[in-house]
Structure formats: C-alpha cells, structure tokens
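Novice: Residues 1 to 301 in UniProt numbering are what the sequence shown spells out, letter by letter.
Rather than coming from a laboratory, the hints here were simulated on the basis of the structure.
Any given hint could turn out to be false.
Stated by the list, open to error - Restraint ranges, calculated between C-beta atoms of paired labels, are given here:
#1 W197 <-> V148: 13 to 23 Å
#2 I281 <-> M113: 22 to 32 Å
#3 V274 <-> V189: 36 to 46 Å
#4 T201 <-> V120: 46 to 56 Å
#5 W197 <-> M54: 29 to 39 Å
#6 R166 <-> A64: 14 to 24 Å
#7 L52 <-> P193: 19 to 29 Å
Here a beta-carbon is modelled for each residue, glycine too, at the ideal position from N, C-alpha and C.
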Amino acid sequence: MRRTWLPLGAIGLAVVLWSVAYVISAWALETGSPAVLSVGRFAIALVVLVPLAMRRRHFWRTLADPRSILLGLTGVTIYYSLANIGLLFTTPGTEALVSALLPVLTAIAAVIMLRERLTVATVIGLTLATGGVALVAASGFRVDLGAVLYVIGISAYAIYTVLLRRYAAREEAPDPVVLATATGIWGTVLMLPWLGWEGVTGTFAIPTDLRGVVSIFILALVVTAPTLVLFNYGAERLPAVISGAATAAIPALGYAFAIALGETPDPIKVFGGVLALVGVIVATLSQPDVEPTEPGLSPRA
Numbered sequence: 001m002r003r004t005w006l007p008l009g010a011i012g013l014a015v016v017l018w019s020v021a022y023v024i025s026a027w028a029l030e031t032g033s034p035a036v037l038s039v040g041r042f043a044i045a046l047v048v049l050v051p052l053a054m055r056r057r058h059f060w061r062t063l064a065d066p067r068s069i070l071l072g073l074t075g076v077t078i079y080y081s082l083a084n085i086g087l088l089f090t091t092p093g094t095e096a097l098v099s100a101l102l103p104v105l106t107a108i109a110a111v112i113m114l115r116e117r118l119t120v121a122t123v124i125g126l127t128l129a130t131g132g133v134a135l136v137a138a139s140g141f142r143v144d145l146g147a148v149l150y151v152i153g154i155s156a157y158a159i160y161t162v163l164l165r166r167y168a169a170r171e172e173a174p175d176p177v178v179l180a181t182a183t184g185i186w187g188t189v190l191m192l193p194w195l196g197w198e199g200v201t202g203t204f205a206i207p208t209d210l211r212g213v214v215s216i217f218i219l220a221l222v223v224t225a226p227t228l229v230l231f232n233y234g235a236e237r238l239p240a241v242i243s244g245a246a247t248a249a250i251p252a253l254g255y256a257f258a259i260a261l262g263e264t265p266d267p268i269k270v271f272g273g274v275l276a277l278v279g280v281i282v283a284t285l286s287q288p289d290v291e292p293t294e295p296g297l298s299p300r301a
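All chains, please: the whole structure from these sequences, using the hints.
Specialist: Written out as structure tokens, the structure is:
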C-alpha cells in the first residue's frame with residue numbers, strides 16, 4: 001500500500017502546487033516578459049537541483065541521453081513557453097480551465113503510444129472530471145489566442161507524461177532528481193533562443209515591481225523545482241492515464257484558491273469543482289494496474 005500511495009501522493013502534491021502557478025505567473029508578467037519568466041524560473045530552480053543531481057548516479061549519462069532532450073522539449077520548452085505567452089492573450093482562470101483537457105489528451109496518448117487499457121471506471125472518472133470542469137467553466141471560459149496556444153502546450157505535456165512512463169521501462173532508469181534536473185537543463189537551454197529574440201526585438205523585460213520579482217522566485221523554488229521531481233517520480237511509476245487523470249483537479253483547486261483570495265463563490269462552480277475532484281478520485285483509484293512499476297521494469301510486463 002505504501003508503494004502505491006507514494007507515487008500517487010507525489011502526483012497529487014505536484015497538482016496542488018501547479019494550481020497556484022497561474023495567478024503567480026500572471027503577477028510576474030505584469031512587468032516582466034514571457035521568456036524572462038520562463039527561463040528565469042527554471043534557471044533559479046536549477047541552482048537548487050543541479051548540486052543535488054550531481055551527487056547521484058548517472059547524472060552526466062542522463063544529461064547526454066537524447067531522451068532527456070525530448071523530455072525537456074515537450075515538458076519544459078513547449079509547455080511553459082506557450083503557457084506564459086498565452087497569459088498575454090488570456091486570463092489565468094481561462095488557462096486553468098483549459099488544463100481540463102490534459103487528462104483526456106494524456107489518456108489518448110497513453111492508449112496510442114503505450115497501449116494502456118482504459119477501464120470502464122476510468123472512462124467514467126474522466127467523464128465526471130471533464131463534466132465538472134465544464135460546469136466550472138460555464139460562466140467564465142472564452143476561446144481566444146491564449147487558449148489556443150495553451151491547448152498546444154498541454155498537448156506537448158501529455159506526450160511528456162507518456163514519455164516519462166516509457167523512459168521508466170529502460171534498464172537502470174535514472175533517479176527522479178537526476179531525470180528532472182536533466183529535463184530542466186535541456187528545457188532551459190532550448191528556451192535561450194527565445195530569450196535572445198526578446199532581446200533583439202526589444203521585448204525583453206525583467207519584472208520591475210517587488211511582487212513580480214518575488215513571484216519568479218516563488219515559481220522557481222516552490223513550484224518548478226518541487227513539481228519537476230514530484231511529477232517525474234509519480235509518472236515514472238504509474239500508468240500515464242492515472243498521472244493525466246490527476247491533473248483534472250487543477251481547475252477545481254485553482255478555483256478554490258481564487259475563493260480563498262477573495263472571489264465570491266458561485267454554487268454551480270463549487271458543484272462542478274466537487275464533481276471534478278470526484279472524477280479524479282474514481283479515475284486514479286480504479287485502474288487495475290495501479291500497483292506502481294519501479295523504473296527499470298516494463299510497465300506492460
């Protein structure tokens with residue numbers, strides 16, 4: 001039981017931390033530019049992660065592995081770049097609601113790439129979660145350029161989630177901290193041309209207000225560094241469908257945080273949020289393959 005709940009708990013904590021990132025990112029973008037936010041948060045996070053990873057086995061080998069580059073591209077460069085650019089054209093709430101598509105996209109990718117099976121209960125759970133999010137979104141969702149960009153971003157993240165599961169099947173799969181750090185390094189390196197482009201075009205901007213500066217450090221040290229390790233740890237050990245289904249809680253938790261910060265509760269949205277969380281529980285706890293697979297063993301064995 002402990003082996004089962006550890007990866008589920010890691011995914012759950014990552015989801016909670018992600019839920020607060022939308023608002024904090026928007027604060028940083030009030031005076032800062034998207035590339036500065038994206039590169040800055042990961043550069044600061046890597047200051048913490050690199051020394052930890054270098055003390056563990058196979059750091060340099062993992063860093064040189066082409067699969068780490070692909071993980072960095074899909075899970076960091078594409079996702080975070082489009083998420084931050086999207087916030088220039090839409091609201092944090094809209095992005096949080098669009099994230100409801102992530103479990104469905106992950107399930108589709110898992111079926112196609114890993115041949116994972118969807119049980120009836122999993123389908124029911126995903127349906128409940130999606131329906132709950134639809135209720136939450138009913139009075140506040142809008143389709144705009146930011147939403148479209150974010151859909152592309154979460155599509156890349158769905159592939160990233162499945163790739164993590166596939167990576168775990170290799171012999172001597174890397175330690176979660178090592179893999180998270182290698183992923184973060186490559187993702188950051190691949191974003192540097194974007195940062196240079198901002199400099200050339202004159203759109204480069206470091207946050208000038210205290211809230212913006214503090215927001216980047218919070219995103220780096222409280223959200224980015226921990227979630228890289230936590231999500232990698234869980235996604236390597238659980239079916240990709242479960243990892244993806246857990247992310248359906250992000251919109252509901254995001255709305256809960258909005259209420260905690262002073263937003264007036266809407267009964268329909270509250271009901272939708274509860275329904276989404278119930279769907280997450282049903283989907284994540286109903287898989288017959290919920291027993292975690294340790295890295296180095298095939299998830300289909």
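Novice: So, against the hints stated earlier in the document, which numbers end up violated here?
Specialist: none
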